[in-house]
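Participant: Read off the chains here:
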Amino acid sequence: MSKAPAKHINFMAPRKVLGILSIALVVISIALLATRGLNLGLDFTGGTSVVVKSEQDLDLDQVRGAVAERGFSDAIVQQYGSAREVSIRVAPTEGVEADQVGGMVFEAVNAEIDNLELLKVEFVGPQVGDELRDQSGLAMLMALGLMLVYVWFRFTNKFGVATVAALLHDVIIVLGLFSLLQWHFDLTVLAAILALIGYSLNDSIVVADRIRENFRNTRETDPEKIVNDAINEMLNRTINTSVTTALVLLALFFFGGEVMRSFSEALLVGIVVGTYSSIYVVANLIFTLNVTKEDFLVVEKEEIDEMP
Amino acid sequence: MTRYPRWKFFLLLAVLLGCGLYALPNLYPDVPAIQISANDAGGQVPVPVRDRVLGALDDAGIEHGEGETINNSWMVRLESTDAQLRARERISSLLGEEYVVALNLAPTTPDWLRAVGASPMNLGLDLRGGVHFLLQVDMATVIEQRMDAWSGQAKLTLRNEGIRYRSVDIEGQKLVITLDDQIAADAARAPLRTALPEFTLDQSEERPRLTLTLNQSTLDELQDYAVDQNRTALNNRVNELGVGNAVVQRQGADRIVVQLPGVQDASQARRILGRTATLEFRLVADQYSSSRASTGIAPPGTEIFPFKSQNDRPVILEKSKIATGDQVTNAQMGFDQQSGTPQVNVELDSTGARSMQRVTSKNVGNPMSVLFIETKTVMKTVEDEDGERRQVPESTTDQYVINVATIQDTLGSRFRITGLDSPAEASELALLLRAGSLAAPVTIVEERTIGPSLGQENIEAGLKSMALGMALVLLFMVIWYKVFGLFANVALLGNLVIIVGVMSLIPGATLTLPGIAGIVLTVGMAVDANVLIYERIREELRNGRRPREAIEEGYGRAFTTILDANITTMIVAVILFSAGTGSVQGFAVTLFIGILSSMFTAIIGTRALVEMTYGRGARAPAKLSI
Chain A
2 MSKAPAKHIN FMAPRKVLGI LSIALVVISI ALLATRGLNL GLDFTGGTSV VVKSEQDLDL
62 DQVRGAVAER GFSDAIVQQY GSAREVSIRV APTEGVEADQ VGGMVFEAVN AEIDNLELLK
122 VEFVGPQVGD ELRDQSGLAM LMALGLMLVY VWFRFTNKFG VATVAALLHD VIIVLGLFSL
182 LQWHFDLTVL AAILALIGYS LNDSIVVADR IRENFRNTRE TDPEKIVNDA INEMLNRTIN
242 TSVTTALVLL ALFFFGGEVM RSFSEALLVG IVVGTYSSIY VVANLIFTLN VTKEDFLVVE
302 KEEIDEMP
Chain B
3 MTRYPRWKFF LLLAVLLGCG LYALPNLYPD VPAIQISAND AGGQVPVPVR DRVLGALDDA
63 GIEHGEGETI NNSWMVRLES TDAQLRARER ISSLLGEEYV VALNLAPTTP DWLRAVGASP
123 MNLGLDLRGG VHFLLQVDMA TVIEQRMDAW SGQAKLTLRN EGIRYRSVDI EGQKLVITLD
183 DQIAADAARA PLRTALPEFT LDQSEERPRL TLTLNQSTLD ELQDYAVDQN RTALNNRVNE
243 LGVGNAVVQR QGADRIVVQL PGVQDASQAR RILGRTATLE FRLVADQYSS SRASTGIAPP
303 GTEIFPFKSQ NDRPVILEKS KIATGDQVTN AQMGFDQQSG TPQVNVELDS TGARSMQRVT
363 SKNVGNPMSV LFIETKTVMK TVEDEDGERR QVPESTTDQY VINVATIQDT LGSRFRITGL
423 DSPAEASELA LLLRAGSLAA PVTIVEERTI GPSLGQENIE AGLKSMALGM ALVLLFMVIW
483 YKVFGLFANV ALLGNLVIIV GVMSLIPGAT LTLPGIAGIV LTVGMAVDAN VLIYERIREE
543 LRNGRRPREA IEEGYGRAFT TILDANITTM IVAVILFSAG TGSVQGFAVT LFIGILSSMF
603 TAIIGTRALV EMTYGRGARA PAKLSI
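First to last, the sequence lines map onto chains A and B.
Be aware that the first sequence starts at 2, since it is given in the numbering used here, and climbs by one per residue.
Be aware that the second sequence starts at 3, since it is given in the numbering used here, and climbs by one per residue.
Worth flagging that the hints you see were computed from the coordinates, not collected in a lab.
Certain hints may be false.
A few chain A residues facing chain B, derived, Cβ under 8 Å [said to hold, decoys possible]:
1. L120
2. L147
3. N203
4. V249
5. G258
Note that the Cβ used here is the ideal one computed from N, Cα and C, for glycine as well.
From just these sequences and the hints, can you work out the full model?
Facilitator: Right under this line is the structure:
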């Protein structure tokens with residue numbers, strides 16, 4: 002395979018169309034987040050969630066009825082992984098000792114259905130939920146902020162702006178998709194989003210690094226050609242890294258169980274969007290910001306580090 | 003071509019062997035066991051008791067190990083969790099209340115590994131099953147009670163000084179004292195300042211009124227004291243419950259985390275932990291008629307409480323307490339020898355005993371009561387400033403009389419409490435009294451129960467996805483990069499050994515399900531370093547470099563890029579660790595360790611393999627298998 006000449010694709014041809022698409026997606030995502038919001042998990046809303054397992058398939062309506070009889074009529078009853086497992090979510094309820102709800106719900110269902118096994122009970126007080134929500138938002142902003150600082154140290158202004166834009170693009174679109182499909186957003190998804198922030202920036206930096214290197218080392222003057230060559234040179238790397246990461250995420254998605262599902266969903270989507278943005282968003286912005294060879298006339302102090 | 007330094011080989015070897023050694027215990031899974039310890043402080047389990055236990059297990063047909071002494075307790079290994087449960091039930095009924103029988107896990111790590119301090123990774127509750135509680139200490143109630151006491155002190159001080167006052171009011175954390183005139187107010191300042199150093203006296207009052215504000219430092223001290231005292235009491239209760247490897251930790255200013263691995267009945271744990279039940283011993287104010295009690299208006303110096311076992315008949319009690327639950331040093335459930343009804347035998351400490359003796363000696367023939375006090379939390383809807391309706395927890399206090407008895411004789415440090423509904427209630431009350439009461443009521447603000455079968459399922463799901471994800475990546479690398487792919491794969495396996503070794507070495511590190519996801523994710527992302535290096539080598543080869551030069555260039559020029567890539571993810575891991583809770587922190591930990599170790603193996607590790615194959619000693623390769 003090493004003998005094959007580098008494939009040469011003109012990535013920059015559809016860049017304008019894709020640029021508009023990116024902007025549109027970001028705008029739609031922001032609109033979705035503003036209107037529909039996220040389907041926040043128990044960690045953030047507070048309440049009680051009970052997961053039960055039976056030996057035979059469970060009838061959701063029967064479970065709903067059993068729970069409603071106990072006064073939890075607004076309970077959300079859903080399948081959990083398989084037809085034999087059901088999750089029941091109850092918002093904080095008036096006049097009930099909060100930490101007793103889990104037991105009451107289980108008893109209610111247990112009275113209706115034989116051989117019921119209690120897999121999991123989670124109760125999060127409203128106050129803790131609020132705190133976790135604030136903390137998580139803060140963590141996300143902090144991660145983005147620190148990335149900004151890092152990029153600022155690492156790059157000239159224009160490249161910095163381009164990589165940070167790609168980063169925001171990825172995070173916003175993934176959140177937008179979570180809003181659109183109303184996928185579950187809990188603490189593990191937050192972990193995935195933060196991991197994505199690291200991953201996406203890394204991807205963009207690698208591409209931007211090569212573009213910068215080529216600007217410096219080539220006699221070519223057409224910026225479009227320089228960028229296009231750089232992307233082509235890095236194409237194998239960009240794709241291979243995405244593929245290996247996607248492979249482990251697919252394994253997690255299919256075999257990691259219910260808890261890991263949203264986590265792997267977020268990262269899988271993030272990797273697709275991140276790979277795309279490291280090529281198009283970064284490159285597009287480099288053009289838009291009008292990067293030329295002159296931007297690199299100052300000799301960079303950075304040298305290749307000592308080899309390991 | 004530069005010579006590859008020999009020390010790097012040795013470093014690599016040393017790290018791999020070291021981590022490999024400490025990763026080894028994970029191949030020896032813990033086995034279920036029951037742990038027995040005597041209830042009195044520091045008591046060993048005597049040999050006859052041990053023989054009785056082993057005999058009972060034999061009789062019940064439960065397979066068991068020999069039994070071994072660990073610290074102050076004695077542990078017997080069993081075959082399965084099912085046997086564990088049966089054994090516990092059996093043994094605890096055999097030994098009664100003098101011994102605590104706990105479920106625990108016994109390590110199977112060989113002695114030579116234990117000798118070097120190697121032990122398996124801690125597994126999080128999501129992997130081993132159990133209950134996690136987050137308890138909030140209700141400071142408002144504590145402050146309220148203390149303010150009551152302080153206002154009493156203020157009145158006493160003024161009375162002793164002969165200063166006439168109109169009223170002493172409690173307004174939140176302030177005491178407002180209204181006096182007759184300015185002269186009285188001026189006179190009151192100095193004695194109040196000495197008597198109540200916990201307060202700051204407001205100087206700028208014009209009217210004959212003084213305001214005392216509770217100091218922030220006192221407030222902090224009060225909070226620290228309440229939380230620490232609660233932590234100790236909870237710790238005692240957890241020990242009484244018989245849970246091995248339990249965690250009771252303070253979290254933040256006013257919260258306490260309790261983790262009970264392996265506990266299957268969360269409701270029992272919740273009942274015991276969250277209960278703020280305590281007792282007060284008071285005299286019955288029988289100078290007032292029962293019709294006076296039914297008016298509901300308590301005469302001065304008294305309070306009215308319902309008598310639980312007599313259809314909530316109101317009883318008037320003196321306000322002053324003879325003794326309280328926190329003066330109890332020991333409490334055991336027992337049965338009345340004549341009636342056979344359950345009772346709790348109580349021992350008081352010296353302060354309690356002295357007070358009990360003093361009061362009862364003067365009141366022989368008068369009735370004394372036992373008042374039961376419990377704080378509960380109920381959700382209540384309130385409207386906040388923005389007009390939004392939301393649920394807030396609200397504490398309510400249940401107080402009722404469980405027993406009224408005529409004082410027959412002067413009581414000392416030992417006596418018994420009767421009037422309990424059932425042996426279970428008596429046993430629970432004894433436990434609560436023994437473990438010590440909570441200094442402040444607690445509310446459960448978060449609870450996560452993971453059933454044991456789900457824990458096992460989670461472990462299996464985690465391992466399965468890890469194995470599969472890893473296999474896919476290994477396959478991909480070999481197909482795409484041939485021999486160099488193989489190098490990367492060896493490095494990846496070495497990476498896994500290092501992660502597991504380091505996780506086992508760090509005492510506080512806990513493996514959770516998201517933690518496994520973190521390992522899986524690093525496996526996928528770790529090969530990025532090799533992809534970067536190898537693509538660079540290929541490129542250099544295409545540009546006409548000779549193989550050894552290409553290798554040199556590839557490793558050299560990719561290094562900064564790799565560093566970049568990993569620094570971003572490490573920053574994220576640190577943020578996640580500081581912001582997240584429990585299981586998500588587990589993800590941050592494995593992600594962080596995984597990134598560090600993957601840099602090490604992907605750069606130094608593969609380089610060593612490349613050098614061994616294509617480097618010094620070998621003939622200069624004409625082409626590379628990449």
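Participant: For this structure, which hints from the list above don't hold up?
Facilitator: Nothing - there is no hint that the structure violates, so all of them hold.
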